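Visitor: Okay, here's what each chain looks like letter by letter:
Protein chains: 2
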Amino acid sequence: MSKKTLRIIPLGGLGEVGKNMTVYEYNEQILIVDAGMMFPDNDMIGIDYIIPDFEYVKQRVDKVKGIVITHGHEDHTGAIGHLLEYVDAPVYATPLTNGLIKNKLNRRGLGVEPKLIDIQAGESVQIGPFKVDFFHVCHSIPDGVGLGIDTPAGLIVHTGDYKFDHTPIDGRPTDYAKLAEFARKGVLALLSDSTNAERPGWTASERVIDAAFEKVFYQAKGRIIIATFASLISRMQQVLETAKRHDRKVSFVGLSMTENARIAKELGYLTYDESQVVSTDQALSMPDNNVVLLVTGSQGEPTSILGRLANGTNKRFSVKEGDTIVLSSHPIPGNEEPVYRAINRLMEQGAEVVYEAIMPVHVSGHASQEEIKLLLHLVKPRYLIPIHGELRMLKQHKRLALEVGMEDEQIALVENGRVIEFNHGEMSLGDRIPGGYVFVDGSGVGDVDRSTMRDRELLSQDGVVLLNLELDKEKGSFKDLEIISRGFIAQDESQEMFAELRKRVVKLTQYPANNLQKEIHSVATSFLNEETKRRPVIFVTISKA
Amino acid sequence: MSKKTLRIIPLGGLGEVGKNMTVYEYNEQILIVDAGMMFPDNDMIGIDYIIPDFEYVKQRVDKVKGIVITHGHEDHTGAIGHLLEYVDAPVYATPLTNGLIKNKLNRRGLGVEPKLIDIQAGESVQIGPFKVDFFHVCHSIPDGVGLGIDTPAGLIVHTGDYKFDHTPIDGRPTDYAKLAEFARKGVLALLSDSTNAERPGWTASERVIDAAFEKVFYQAKGRIIIATFASLISRMQQVLETAKRHDRKVSFVGLSMTENARIAKELGYLTYDESQVVSTDQALSMPDNNVVLLVTGSQGEPTSILGRLANGTNKRFSVKEGDTIVLSSHPIPGNEEPVYRAINRLMEQGAEVVYEAIMPVHVSGHASQEEIKLLLHLVKPRYLIPIHGELRMLKQHKRLALEVGMEDEQIALVENGRVIEFNHGEMSLGDRIPGGYVFVDGSGVGDVDRSTMRDRELLSQDGVVLLNLELDKEKGSFKDLEIISRGFIAQDESQEMFAELRKRVVKLTQYPANNLQKEIHSVATSFLNEETKRRPVIFVTISKA
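So the protein lines, in turn, are chains C and H. When the count follows this note's numbering, it moves up by one through the first sequence with no breaks and lands on 537 for the last residue. When the count follows this note's numbering, it moves up by one through the second sequence with no breaks and lands on 537 for the last residue.
Any given hint could turn out to be false.
No copy labels: a pair is met if it fits in one copy or bridges any two.
Below, simulated EDC-like cross-link-like pairs (lysine to aspartate or glutamate); rule was C-alpha separation at most 16 Å, straight line [what the hints assert, rightly or not]: (1) K536 <-> E466; (2) K390 <-> E344; (3) K525 <-> D40; (4) K467 <-> D40; (5) K213 <-> D280.
Hints are computed from structural coordinates only; laboratory data are not their basis. Computed from a predicted structure; not experimentally measured.
Please model the complete structure; the sequences and the hints are all you need to start from.
Guide: Structure, rendered in structure tokens:
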């Protein structure tokens, strides 16, 4: 492979290609775009979170010239701490994104001082052989950017997460002019967001939420509690504005909500009069119809404030009759169950609950099909690499590109870790490097493997039973047997069964055995299975005393 | 309470009110409507399925005069076997429903011979004080019925699952005339399906699928594999008809698909020429473009045929380039992850995958908002009891009823186990009896409690570690220590850590201890937590040898 080959490698993301990290490499110099994390699937048992497998980068740490982060969401920032443990390179991002990263790294207590460099949308920076143009994009967090990455091999456009909102809350639409300018120069390849490639039409503007909020505030008799993502700064702005019109004070509840609001306000991304905001204690002592509480937990997470309110375990305040609770969010696939359960439980406690199915209190932050087509017409890339999506979404993204006139050979559907090479303006697929994900569990990174998870699943299915047998040292005869179980069967149901099992084990000890431990294991396995049709994990220990 | 009070009690259903069973009681005589099961939520760890808690019925078995089943879906039939273990009463249902029940009970091997009595829609039967009118309803299985239950206290209409399909596959629309006839007589209360109460408009007819199938068959170059529910007999009919037009033979793959097709054909609910259907072996030996395979697994279940095809573990055949796979289904909430994963994996193997988001290859079997309003206008009930839905759906159902002119006090939003009483034409709420659900795990019914499930969750989070210490019998000094773990950490990662843990345990044995077992437990807990930030379940056993 020539050093003059441009190599692009999407990484990470649990079946979503290039969702969490993309590596750009030219002439033995590396630029990393984004470093995010993901939450595990429901069947990845006991895993805290997942980060991209960046082994490729670890083996080339001295070649990394810079890290660019497109926006402040966890799936683009959450692995920075892990990356900076290996890579000593500056991080380039817009002020809000850097503000959020800094706060995050402080909480984590990273050993080194990260070099965070603020770049405004519209500016550009030279990182090794890469001239990176930051351009503004609309998304569900302010100050998001896409990137024009000019390389000796050609110009690449990398959108990050985007949509084309004509009436965004912060008044800054996506930078169409810049996209057209790239097109004029000639774009070799476009890497762009496929999240909503299955969704027909055009994603609604954040502004449609205003009307829904207006209606909610108009009808609410008591407190209003709004649950949303702590990163959705524009939603905070909308709540603040609607609250002002309805003479309500707003309280940010919880650490992430409070800190993100503080950072956004300091940096000018959130605008409100100080008198508009009160502490949670103040809010709770005010008349109900003067109050809005902004909380986290719109995904039904049981440890979040909304989750605790639903379960009746929140310490500072509880749901009461007359509360209006708004879930300004969309359940992430896999979270439907906890979200709907939370809604039902809040209703049981007498709250009016307003959610997406009833009123348009949330819109997506990603481009739908018509926007994806518009982007293709604006950028006119020679090649398209759909990223940020599962294969099913990438395929739809490709279909859309074919519809607007691209040819099959201009579009690369790749998996994470696939090296895409550009030589003399031609795209080809190269090697596949490790490009999957790494499980993070507790403080361990990558020390839980699939076999450990299979064991966890077995344990979670039918629990564990421990048989601790004591034999007489001299005679080898039965002396004592302790049977302990966890997660197998309700305690009061097990007594009779364990008494019978004990008898069978005692019997076994009366005859000579080649491998008593194995025989006990086998007898216990089949006896418990007969009795319960279950297959707990069984441990047998034998000692002679 | 007077014997002349009519009591209605919705039961079962995991937060969905009256989904699986409803008890009608008058003058100490009981009629049971439906006896279904549900699959557990993702966080009900290791549970096979869930059935209604029918303790109330168990204590009054001799009062039960009959069981009526509205249609053949598992959530209405799946607990019949459990119910018949206690109740010796006839089961009344339409021929297809009884056919499916019989097959199910045979497979289960019930000790007693159930009395299954066929009733055709349009007929009525006297069950104790209840005169039950069966009327035809459209749903996603043929031969579904709603019930007019005439009691001395008044006439109740119980819809079962229904929609108003004007062009159903079997040509039998919902029986509007019967509904109007009930209205003429005067309906005391309506109990009806709330599943789609959040969905605006009118549920599309099953017929819209024909056009989608036509397009799929027209474009398909190789084999067509269609995954759907084995109970969706009308979908089978549509596949057979489309296949005939396109010169393809159909093979039913798998036990439930084959048996349901056989039963439906025998009873006249599925019509096709024998030459149209081939065995799976035959199908696999034919040219690809002459074949349609009908399989189960549209919910992504890993043990189903589609699940095994996705994972590459199906024995008889695998996915190949050129296959067109249709998921004619909608993911049940909580199943989104496995369904989408299956789609991606099938695509990775080169299949074209067609699913709801891309083409209308599935429609719901439940009434949407405009149909719910139509039903209310047709039946004109004095009281409405929304059932078959979570609280959020019942609330929307109530909102719809208010929109069409009912008053707040005419509508009862109740939870499972709440007794609803009717006296002299007036509705009131009575006691609450146990009305939740019972976990079925292996052969055990109700022997897994919440504490067992909590243990399973703990085990699934961080696994289990067993420390088996042997001390010298005389001196009490350290002799041996075995450390075994399952689901805690990858084997090769644990060696060093366990060596260090061993040292610490040895040290502990050198000093006198009040409770050595407890001390070892505590040292192991904190050491492993320090090292890994995990909290496995730890067992410590000590023997003296």
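Visitor: Decide, hint by hint, whether the structure agrees.
Guide: Evaluation of the provided hints:
no. : hint          : result
1   : K536 <-> E466 : both (8 Å within a copy, 13 Å between copies)
2   : K390 <-> E344 : between (43 Å within a copy, 13 Å between copies)
3   : K525 <-> D40  : between (31 Å within a copy, 11 Å between copies)
4   : K467 <-> D40  : neither (50 Å within a copy, 45 Å between copies)
5   : K213 <-> D280 : within (8 Å within a copy, 64 Å between copies)
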